[in-house]
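Visitor: Residue numbers (my numbering), protein chains in the order written: chain A, 1 to 114; chain B, 1 to 114.
Do not rely on the hints blindly, as some may be mistaken.
Calculated cross-link-like contacts (lysine-lysine; reagent style DSSO-like; alpha-carbon spacing at most 27 angstroms) [claimed, not checked]:
#1 A:Lys67 x A:Lys2
#2 A:Lys101 x A:Lys42
#3 A:Lys101 x B:Lys57
#4 A:Lys56 x A:Lys101
#5 A:Lys56 x B:Lys57
#6 B:Lys57 x A:Lys42
#7 A:Lys101 x A:Lys67
#8 A:Lys67 x A:Lys56
#9 B:Lys57 x B:Lys11
#10 A:Lys2 x B:Lys11
#11 A:Lys56 x A:Lys2
Hints in this document: simulated from the structure, not taken from any laboratory. Values in this document were obtained by computation on a predicted structure and should not be read as measured data.
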Amino acid sequence: QKEVEQNSGPLSVPEGAIASLNCTYSDRVSQSFFWYRQYSGKSPELIMSIYSNGDKEDGRFTAQLNKASQYVSLLIRDSQPSDSATYLCAVNRGLDFGNEKLTFGTGTRLTIIP
Amino acid sequence: DAEITQSPRHKITETGRQVTLACHQTWNHNNMFWYRQDLGHGLRLIHYSYGVQDTNKGEVSDGYSVSRSNTEDLPLTLESAASSQTSVYFCASSGGQGAGDTQYFGPGTRLTVL
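Produce the complete structure using the sequences and hints provided.
Guide: What follows is the structure, given as C-alpha cells:
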C-alpha cells in the first residue's frame, strides 16, 4: 500500500463546475497535509495546507480533512481553465521541528473543459 | 526577492560520469530537500538537510550524495550516473518552523543519462 494515494486521472470538469480531488494516506500519525499545484513543465507550488479535521477555505479552494478516515480532499469551485494542472497531495508525520519532510502522492491531472 | 534556483536547467551526460546539480536559496531557510519526479512515481525524496553539516537519506538515496557546507546551498551529486537516474530533479527549502512549514520549490533540472 502506498503511503499517499491519489487517483491519477485525468479528471475532466466543465468550466464553472466544482472539481473534487481526493487523497488517502496510510500513516495514522500524520499531522500536516498539503495540496500543491503543478503546471506542466513547472515546479510544484503550494495552494493549501490543513492540520485540523474539518474544512479550510481560501478563495475558490476548500481543503477537507478527516483523520479518522485518513482522507483529505481539495474542492475547487467555479473551475477555470487556468486550474488545469496536476494536483499533488503531500503528508507530513508531525508538527514538531526536525520532522519536516513530506511524502507526496503521484498526483491527479485535472483538465477544465471550456 | 528571495528565491531558490537550480543549475543547470538541462543536462545530458553519459553513463558512468559524475554529475553535480546545484541548488541555491536566498530564503535563509534551514531545511533543504532534493526530490526526483518520474511518471507514475510522483515526487520522491532523495536527500534532505535540516541545517549546515546535517544530511539525511530519503527513500531513493542510492547513487546520490549531498553535502551542506553553508545555509544557502545543497548540491546533489550523482557519483556514477546511470540511465535509471534520468529524471527531473527538484530542490526545495523550508524555514524550519515546524512540520507545518511550506516547502518552496526550485524550477527543476531535467537530467538525461545516455
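Visitor: So, for every hint listed, does it hold in this structure?
Guide: Hints versus structure:
{"no.": "1", "hint": "A:Lys67 x A:Lys2", "in the structure": "17 angstroms, holds"}
{"no.": "2", "hint": "A:Lys101 x A:Lys42", "in the structure": "21 angstroms, holds"}
{"no.": "3", "hint": "A:Lys101 x B:Lys57", "in the structure": "11 angstroms, holds"}
{"no.": "4", "hint": "A:Lys56 x A:Lys101", "in the structure": "22 angstroms, holds"}
{"no.": "5", "hint": "A:Lys56 x B:Lys57", "in the structure": "33 angstroms, violated"}
{"no.": "6", "hint": "B:Lys57 x A:Lys42", "in the structure": "25 angstroms, holds"}
{"no.": "7", "hint": "A:Lys101 x A:Lys67", "in the structure": "19 angstroms, holds"}
{"no.": "8", "hint": "A:Lys67 x A:Lys56", "in the structure": "14 angstroms, holds"}
{"no.": "9", "hint": "B:Lys57 x B:Lys11", "in the structure": "24 angstroms, holds"}
{"no.": "10", "hint": "A:Lys2 x B:Lys11", "in the structure": "31 angstroms, violated"}
{"no.": "11", "hint": "A:Lys56 x A:Lys2", "in the structure": "26 angstroms, holds"}
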